[in-house]
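Residue numbers (the UniProt record's numbering), protein chains in the order written: chain F, 1 to 105; chain W, 1 to 105.
Some hints could be false.
Claimed, not checked - Derived list of chain W stretches under chain F, where covered just means 3 residues or more per stretch with a C-beta under 8 Å from a C-beta of chain F:
| id | segment |
| --- | --- |
| 1 | 15-21 |
| 2 | 30-41 |
| 3 | 69-77 |
Quick caveat, the hints were computed from the structure, so don't treat them as lab data.
We treat Cβ as the ideally placed atom computed from N, Cα and C, and that holds for glycine.
Protein chains: 2
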Amino acid sequence: MISVDYSTMCPRYEAAADLLGKKWTGRIIRVLLGGPKRFKDMKEQIPEMSDKMLTDRMKELETLGIVNRHVYPEMPVRIEYELTAKGRDLQPVIESIQAWGEQWM
Amino acid sequence: MISVDYSTMCPRYEAAADLLGKKWTGRIIRVLLGGPKRFKDMKEQIPEMSDKMLTDRMKELETLGIVNRHVYPEMPVRIEYELTAKGRDLQPVIESIQAWGEQWM
């Protein structure tokens, strides 16, 4: 753990919190911590999310360098998403939310 | 750290993530990790947030048992907010977001 200066707000904290606070983003990252996934595998764990929303979020996460998209030229074509190093580094965030949820929700 | 089953979504994770993902909530909890605060002290660290929004969020967090509100019968009356045990237990979440933000944002 790092030493946090709680006496002043930090723009990097705010940026990270806003990114993770977007609807579905935390769920998507949690699913991808289980390994590379296809679109339909992600939908299976987050069935309430629309296809359009998942598509939008995956594009955002790719742009942010949190997710890589792999296209396998098979027949039919296979597309998988996986976390980058930046994305995998979110594991402590996801696990601390999980731990708190298990204790308090 | 706990062992997380990433093969299936967890309702407690979802509930915790939705709570923390609400606009301003993560910032408010970060400020209160610095100790009990008055309304105006919180506003100082989060100046973009309106009075109404802060009032609403503090009521929510009180209802959820994350924040306690103390009224000191001085003249003029002094009101302070502080985290409960449930709220203080969010410190690992806030610190892991801070650490990720410092490295990647």
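Original post:
Taking each numbered hint in turn, which are not upheld by the structure, reported in ascending numerical order?
Top reply: 3
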